[in-house]
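Visitor: Take a look at the letters that make up each chain.
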Amino acid sequence: MSGFGGFLLRRAVGTVITLLAISVIVYVVFYVTPGDVAQITCGPRCSPEQVRQVAAQLHLGDPLYVRYWHFLQGLFAGQDFSTGTSVEHCAAPCLGQSYQTGQQVLDIILGKLPVSLSLVLGAMVLWLALGVGTGVLSAWRRGRVSERVLTAITLAGTATPVFVIGLVLMIVVCGELQLLPFPQYVAFTDDPEQWAWNLLLPWLSLALIEAATFARLTRAAMLETLAEDHVRTFRAYGVGERAIVGRHALRGAFAPVIALNANNVGSAVGGAVLTETLFGLPGIGQELVHAVKVVDLPVVVGMVLVIAFFVVLANAVADVLYAVADRRVVLA
Amino acid sequence: MTESPLAVEAAGTGIPVPAAPGARRFWRRLRAQRAALVAAAVVALLVLVALAAPLLTALEGQDPTTYHPSLIDSARGGVPVGPLGGVGAEHWLGVEPQTGRDLFARLVYGARVSLGVALAATVIQVVIGVVVGVAAALGSQWVDQLLSRLTDIIVAMPLMIMSLALLAVVPANFPRPVLVTLVIGLIAWGSIAKIVRAQTLSMKGLDYVSAARLSGWGTWRIARRELLPGLAAPVITYAALLVPMNISVEAALSFLGVGVKPPTPSWGQMLTSADVWYQAAPQYLLLPAGALFVTVLALTVLGDGVRTALDPRAASRLRVGTGREDRNAREDAGTKEATA
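Listed in order, the protein sequences are those of chains A and B.
If you read the first sequence in our numbering, its first letter stands for residue 19, the second for the next number, and so on.
If you read the second sequence in our numbering, its first letter stands for residue -8, the second for the next number, and so on.
Worth double-checking, as some hints may not be accurate.
What the hints assert, rightly or not - Computed footprint of chain B on chain A; a stretch qualifies when at least three of its residues, placed anywhere within it, have a C-beta under 8 Å from a C-beta of chain B:
1. 34 to 40
2. 113 to 120
3. 185 to 193
4. 307 to 319
The set of hints was computed from the structure by calculation and includes no laboratory data.
Positions of the beta carbon are idealized from the N, C-alpha and C atoms, including for glycine.
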């Protein structure tokens, strides 16, 4: 057990180091660029007076490590923003504020979070069900025509960009067949039924692509288990094929699927950005794209930090879950 | 001492040296897979189209950037004049809504951007990945720790989000295709570095490398002469999988309006407003979407074929050695699983 405790500790320390390193990289990339950092941060429509304030806020006169220290301090201890006439306090965790809208970045993110969570979590249920189901089915029907059809479909799924699937779904379902209205986000707390109907197509678009990856992984993991000695022993004892595939082989796919799901958060977030933009869902992804287009740097930096934080955390959780499901990883 | 230590050793023991781990065998095993062959043909055709884009458009008599306002019905919101979105002898695939730019020309020039960005980004990823991976495996423990941490961090960063964000800080006058290439190439080299490091560590303990070291060869010479050839299979395999991924990322960024910007055509960018025009000019949606799909699918199938032909299982059997290498190989298998 000490092995497992040590493993957890190493993982935790590694995660903290990774997060700190990401904050350094993000800081260097965004605030140590050539050109007028204060002007870029403030945005294209800032007055010279505002730019001077931003320069003071970023401590641009100080050496690099002092500037980074202020940046970290702002994140963890909060900081004050002078808007010329009044001073606004940004409590920890403070991600800074947009100089273009005057809003605090954390508030922007929290306001958009329900939309993105609705999208990603709903789609996750779908892709796990679809992906694992397809994988099981094609492992069970291995060597037959139906397996080859399923393999071809999942291959096509991995090759299709999420926005192409989404475009086609939207045009066919909403435009031509008029089965659904064009999606428009309705909050779950306002009307759960409308919430689900409006998210159906975004969920499907995101889930179909991700499901293909899970189907391939599930199939591969199951086939690997099916080739193992203990399965041959089960067969020799007369255990039915359905029980072998459904119970024993599926167990072999359990750990890799959990790990992939947590590891996949990064790619799912990327997919969510595209899905939100395509369907006009007012989530974090759409806001990030907007911030990139209008060069609202504090918003971009804040969102990158938050998203990277969750992705790194999910990867760490994936490692731990994988180790729990398969203890050989720790012993190695 | 120009002769390879392996040859010396083999001569001493009388064991025949296997022929260079054969490009010929690779081709034979790739040719044996029908799907991979078809995919290779499609990829070759696409590359040809991309290379011959100026020729093809000259044949049609059009170019990708000229506006044709006379072909646009501004009274009806900018839809192309004529049936099928303006298809005819002048414009083989019709014209773009609102601008009237030739669709065929934009499509074939789009292939240039798509393949060019993806291939150049892959080269960057491979070069950084191999240098970092080999340096981590051969360097001191301190170097290894530093580079491995850096690699972990690079792997942990969400690709789409980081590239989106990076595109925000670069001045607008920087050439966009080059910028997109650099961004994708500089962010997504982590997994290849991990694989290279694991493979190099496992080869480091093999007899022929020890023989080279005992013969007094320097680290650089061993890396170049003895290790790089052994890295070819995993690197080619992984690079073949990176190309379609890079194409998807470029298309996604351009679709979002932050990647390749007009007037330079790109398939992803063409799809940005395609949904508005699907009734008047369905090919405006179907052509770039189909081009993307076929390209990514063909490259993925080809990548799978290359992987089968190079047979990673045979390579993984070589992974014997101390516990450290063993663990790395397994960690590496974990990452490959996760990124597959």
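Visitor: Hint by hint, note whether the structure agrees.
Guide: How the hints compare with the structure:
no.: 1; hint: 34 to 40; result: holds (count 4)
no.: 2; hint: 113 to 120; result: violated (count 0)
no.: 3; hint: 185 to 193; result: holds (count 5)
no.: 4; hint: 307 to 319; result: holds (count 8)
The structure shown violates just one earlier hint, number 2.
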